[in-house]
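Visitor: Chain by chain, the residues:
There are 2 protein chains.
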Amino acid sequence: MIKITLPDGAVREYEKGVSALGVAKSISEGLARKVLAASINGQVWDATRPIEEDASLKLLTWDDGDGKSTFWHSSAHLMAEAVETAFPGVKFWVGPAIDKGFYYDMDLGDRKLTEEDLVVLEKKMNELAKQSNPYIRKSISKADALQYFVEKSDEYKLDLLQNLEDGTITFYTQGGFTDLCRGPHIPNTGFIKAIKLTSIAGAYWKGDEKNKQLTRVYGVTFPNQKELDEYLLMLEEAKKRDHRKLGKELGIYTMSDDVGQGLPLWMPNGTIIIEELERLAKTTETAAGYKRVVTPHIAKENLYLTSGHLPYYADSMFPPMEMDGEKYYLRAMNCPHHHKIFDAEPKSYKDLPYRIAEYGTCYRYEQSGELFGLMRVRCLHMNDAHIYCNREQFFSEFKAVNDLYIKYFKIFGVEKYVMRLSLHNPEKLGKKYVNEPELWKETEDMVRKVLVETGTPFIEVQDEAAFYGPKIDVQIWSAIGREFTLATNQVDFAQPRSFKLSFTNKNNEPEIPLIIHRAPLGTHERFIGFLLEHYAGKFPTWLAPIQVKVLPISDKFLDYAKEVEMALLQQGIRVEIDDKKKKIGKKIRDTELMKIPYMLIVGEKEVNEKVVSVRRQGKGDTGSFAVTEWIAQIKQEIENRQSID
Amino acid sequence: MIKITLPDGAVREYEKGVSALGVAKSISEGLARKVLAASINGQVWDATRPIEEDASLKLLTWDDGDGKSTFWHSSAHLMAEAVETAFPGVKFWVGPAIDKGFYYDMDLGDRKLTEEDLVVLEKKMNELAKQSNPYIRKSISKADALQYFVEKSDEYKLDLLQNLEDGTITFYTQGGFTDLCRGPHIPNTGFIKAIKLTSIAGAYWKGDEKNKQLTRVYGVTFPNQKELDEYLLMLEEAKKRDHRKLGKELGIYTMSDDVGQGLPLWMPNGTIIIEELERLAKTTETAAGYKRVVTPHIAKENLYLTSGHLPYYADSMFPPMEMDGEKYYLRAMNCPHHHKIFDAEPKSYKDLPYRIAEYGTCYRYEQSGELFGLMRVRCLHMNDAHIYCNREQFFSEFKAVNDLYIKYFKIFGVEKYVMRLSLHNPEKLGKKYVNEPELWKETEDMVRKVLVETGTPFIEVQDEAAFYGPKIDVQIWSAIGREFTLATNQVDFAQPRSFKLSFTNKNNEPEIPLIIHRAPLGTHERFIGFLLEHYAGKFPTWLAPIQVKVLPISDKFLDYAKEVEMALLQQGIRVEIDDKKKKIGKKIRDTELMKIPYMLIVGEKEVNEKVVSVRRQGKGDTGSFAVTEWIAQIKQEIENRQSID
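Chains A and B are the protein sequences, given in the same order. For the record, in the first sequence the residue sitting at position 592 is 618 according to the numbering used here, with numbers rising by one throughout. For the record, in the second sequence the residue sitting at position 549 is 575 according to the numbering used here, with numbers rising by one throughout.
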């Protein structure tokens with residue numbers, strides 16, 4: 027008998043050789059039907075693989091990240107089986123699960139895949155899935171494996187085999203398809219109920235453009251049709267909400283070849299959004315006791331040697347400028363400059379917590395192939411701040427930062443979010459992690475306590491902390507359910523040491539502060555990119571570049587329209603008149619297209635009664651109002667940063 | 027007889043060989059006593075030099091820049107005469123007039139000058155000045171000049187002679203001193219009534235540190251003792267108001283060797299001033315129809331080749347970063363980025379004037395020896411904007427910019443200012459200046475008209491325009507009478523062409539816009555440096571980093587002090603409490619030292635009567651006020667950006 031420890035700490039005894047699926051069945055048949063794989067002592071295994079020793083076990087289903095990726099990896103094998111049936115002689119390279127779905131790279135000889143081929147392959151995959159063929163794992167000697175692929179003249183798998191050690195090699199077979207694969211896989215193909223092959227692309231073998239170009243087929247699968255339908259709908263909607271498309275249509279940002287790739291230029295409309303976000307940040311941070319600073323975008327090499335960013339982070343930095351025999355770098359992060367501000371005047375415990383904030387611009391090198399609209403850029407305007415505090419202050423400071431996030435999520439209508447708490451590994455202290463066992467324990471406990479006490483949804487990840495302390499990655503979901511990484515919070519014990527920062531504590535002794543790095547609104551680039559999709563360009567009034575458009579029914583009413591415009595302008599409302607020679611219906615359509623929150627229509631009746639007829643974006647008429655009355659309403663809406671109702 | 031044309035256009039006839047002094051005497055003896063030199067056909071001459079042909083003539087007095095510099099250059103000769111008397115065998119290099127005064131570089135052999143020597147020299151100079159020795163100009167052949175200095179074994183003057191052409195060489199003699207000099211000089215030494223030798227410095231011959239180090243003596247002279255006294259007082263005051271000293275004391279900015287020279291880091295207090303200035307600029311510019319943009323601090327080489335900044339301006343730019351086979355530069359100016367924004371969407375005449383503003387950060391290379399506090403830096407935050415307009419709009423746009431300056435001068439209590447209008451030279455069209463004779467005439471006329479119509483004090487300078495259009499340099503004087511160059515306004519016909527900018531005019535044809543470059547608040551660095559001196563650190567309330575300090579007379583009144591603080595905070599007033607254990611007198615002194623505009627003193631009486639006792643910085647008690655009443659007052663003062671009364 028072996029002992030199986032379940033996630034809730036319960037220990038059960040089973041026959042040696044029991045599988046995770048067996049364990050699941052012993053608990054409930056319903057549960058067993060959902061099991062895709064299992065985490066055995068922290069490693070993901072086939073649910074059907076025999077367990078020979080005492081182990082901790084976590085069943086993985088569609089709700090687990092590792093469950094999903096096992097599902098998609100198995101789907102890649104299923105696709106390969108369909109391809110091999112349709113195109114005998116095809117050779118495969120690698121076929122991993124990705125963020126959303128899977129792909130497989132293949133050598134089809136001279137054959138070019140078409141969209142029609144994908145339909146045929148989908149059909150075949152559905153057929154094979156229905157057969158509920160089990161994924162069968164088999165250990166194989168390197169010699170036998172080599173022989174197998176030599177016989178198939180498969181140079182790709184032979185290449186992969188070169189780097190594998192004898193005794194660690196496994197084959198997986200489902201139906202008529204066998205692949206060299208480390209696994210794990212789902213129990214059988216029957217789990218795959220809904221299939222969509224999404225695209226065909228070229229991919230150089232091993233990513234090297236000197237090599238042969240292989241065919242990459244992307245796909246995504248689900249355990250039921252409903253989820254696939256929702257996903258396809260989301261993709262369709264995401265296309266309409268593409269931030270690059272909306273960014274151009276709404277005059278948010280532009281790019282220029284002469285300026286350079288990944289360096290957005292913010293147009294007037296985008297700059298309004300930037301300034302509203304910065305106003306929000308400044309107001310919130312001032313109220314929370316932050317002070318603001320402004321620091322240069324460059325510094326000498328030595329600063330980044332002290333911080334440790336050089337040489338370790340050099341690949342992500344712009345190359346140096348050599349001047350007066352010194353190397354200057356564009357900064358990739360703001361922290362070292364802020365530490366210099368902390369250090370500019372002696373500090374005592376009375377000065378702590380010392381919180382300094384800056385919408386600091388950083389420059390990071392990303393390969394040109396990685397650049398993507400506002401999402402992957404080389405110039406970032408970061409909602410940055412650093413909090414220098416002592417250990418007693420840490421809990422309340424960290425909680426205050428967490429509260430900030432939640433406050434922002436409310437304002438922006440972000441309903442789904444998860445904090446991903448990355449912890450250290452005690453075995454790697456002094457190697458991967460700063461050797462401060464007590465501080466690790468203390469701060470990890472406090473961070474966890476904050477998340478638990480505030481009811482913030484979070485997951486814990488072992489052995490993924492930063493070198494210098496635990497970190498939290500913040501994941502948020504847009505209105506259409508797409509996931510974005512917004513920002514990172516970090517606790518830092520290392521930089522205060524390397525920068526020799528200190529304050530005089532109550533005992534009149536020098537003490538090293540802790541630092542919290544935080545950026546709740548992330549970067550303007552990524553956050554405005556997210557907001558464009560999240561709002562589909564229909565910004566709430568407080569953020570909208572143009573908040574109100576006054577539409578005179580004809581030129582006769584232009585004077586009154588101007589009167590209304592002036593009344594709004596004087597109250598700081600962003601308003602324009604559409605005085606073009608066109609019908610009112612066209613004016614309304616054009617304004618809707620520019621996604622402007624309010625239209626004020628003025629004609630005979632409005633002039634006579636000194637009112638405006640109000641249309642809300644996407645909602646139509648909301649009635650007639652006296653101008654001052656309506657101004658009071660919209661001002662309230664703006665001041666409260668009300669979201670779209 | 028020859029014809030002399032005076033500045034008012036009057037033409038008078040004189041004997042051939044008349045001097046400017048002769049002309050002056052023919053007008054008024056009083057005037058003649060003030061004449062230091064004269065501008066003859068645009069060249070500065072000795073007032074005593076005979077005029078042989080028809081000429082235009084402007085008499086130069088102490089009120090003219092060229093009058094002053096002639097006076098100071100003559101003073102350098104006077105000093106040299108005194109030095110030669112005191113230290114026979116001394117050899118002289120060059121002795122020019124400078125911004126304020128003059129210097130002379132000299133080789134005194136092994137002799138080291140001391141402060142005491144300066145006193146002796148001043149006395150000697152005063153003696154020689156009283157002799158009213160005339161400065162006598164003499165043309166001399168190169169051969170005779172060479173012989174003269176060979177006999178004196180003067181290798182320095184011989185070196186200067188090498189580069190002079192025979193027929194252009196002149197000697198000047200006053201009293202017993204003769205110098206190789208192109209002149210001009212004042213009529214005689216008697217004009218120099220007040221003398222101060224200010225400092226001694228070392229200076230490498232020809233500025234090359236491989237050469238011998240010469241002794242440089244600085245001095246300043248005036249036509250009367252009163253002006254010297256005022257000047258020395260101003261120097262004394264300027265020392266107290268040194269922006270570097272105040273900048274540190276008030277926590278405005280700091281520098282860090284690890285970040286780099288000339289790269290100020292703005293501390294929390296400095297950042298408050300930056301943000302208030304930016305708020306002023308944004309409010310003013312928004313009301314004036316500007317839109318705001320945000321652009322990256324770098325661009326590819328090609329952008330600066332198009333703008334013409336490369337290669338001509340390369341020495342003032344940071345060296346390039348080489349990346350992906352391209353050169354990227356830190357920008358030294360914002361205009362090219364703004365042109366790209368203008369160009370991002372097609373423009374019609376209806377979109378003009380298109381005004382875009384950005385507090386853009388630029389990086390300029392200055393030699394490390396040139397760096398000076400906030401005044402000469404390598405990182406500049408510029409109050410920049412570009413106005414794209416057509417010719418019909420130019421006058422009103424330029425006037426609006428001029429009005430902006432005047433508005434700002436009022437706000438900051440700048441009472442003395444001069445616009446220095448630099449014009450082109452028609453003979454150099456197509457060489458030094460863009461070949462657009464009509465546009466030059468038109469825009470110069472319009473710029474002049476704006477200055478005349480608005481009664482703005484200005485001077486005109488021939489042949490000093492930018493390559494691409496007329497420019498205005500704005501000179502302002504601080505409260506203690508020191509002159510600062512604040513900013514430059516430029517008209518630009520060249521960049522719109524090189525960037526191929528255009529708009530569709532009313533005839534549906536493409537037309538090239540004019541551009542106005544403007545930066546009324548200059549750069550944060552220079553302007554805040556100026557303000558520190560101008561206000562002696564005593565910022566008006568709206569700009570003061572801390573506006574109010576609440577001083578409880580003892581801990582007993584701390585609760586009430588906090589109540590008062592909270593009431594102020596809620597109204598957005600920057601307030602702190604001094605809750606340290608010290609006497610009220612000490613608290614007041616400390617607050618005065620930090621130059622905080624208001625102190626609210628709270629004790630028994632204030633608590634009972636629910637009032638505050640108010641002390642104004644530098645003025646003492648101003649009375650007791652109910653808290654809400656006083657808040658209304660200070661809010662009014664802040665909102666109006668009232669200057670210190």
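There may be inaccurate statements among the hints.
Intra- or inter-copy, both count: the list cannot distinguish identical chains.
What the hints assert, rightly or not - Cut-off 25 Å, straight-line C-alpha distance, at most; resulting in silico cross-link-like pairs (BS3-like, lysine-lysine):
no., residue 1, residue 2
1, K149, K252
2, K164, K631
3, K149, K607
4, K373, K613
5, K29, K149
6, K317, K588
7, K475, K607
8, K353, K326
Since the hints were made in silico from the structure, they are not lab data.
Visitor: A separate judgement is required for each hint: does it hold in the structure or not?
Guide: How the hints compare with the structure:
1. K149 / K252: This pair counts as within: shortest intra-copy Cα distance 18 Å, inter-copy 102 Å.
2. K164 / K631: neither (82 Å within a copy, 90 Å between copies)
3. K149 / K607: Neither, since 55 Å and 83 Å both go past 25 Å.
4. K373 / K613: The answer is between: 20 Å across copies meets 25 Å, while 60 Å in one copy does not.
5. K29 / K149: Neither way: K29 and K149 sit 44 Å apart in one copy and 104 Å across, limit 25 Å.
6. K317 / K588: between (41 Å within a copy, 20 Å between copies)
7. K475 / K607: For K475 and K607, the Cα distance exceeds 25 Å both inside one copy (63 Å) and across copies (37 Å).
8. K353 / K326: both (6 Å within a copy, 19 Å between copies)
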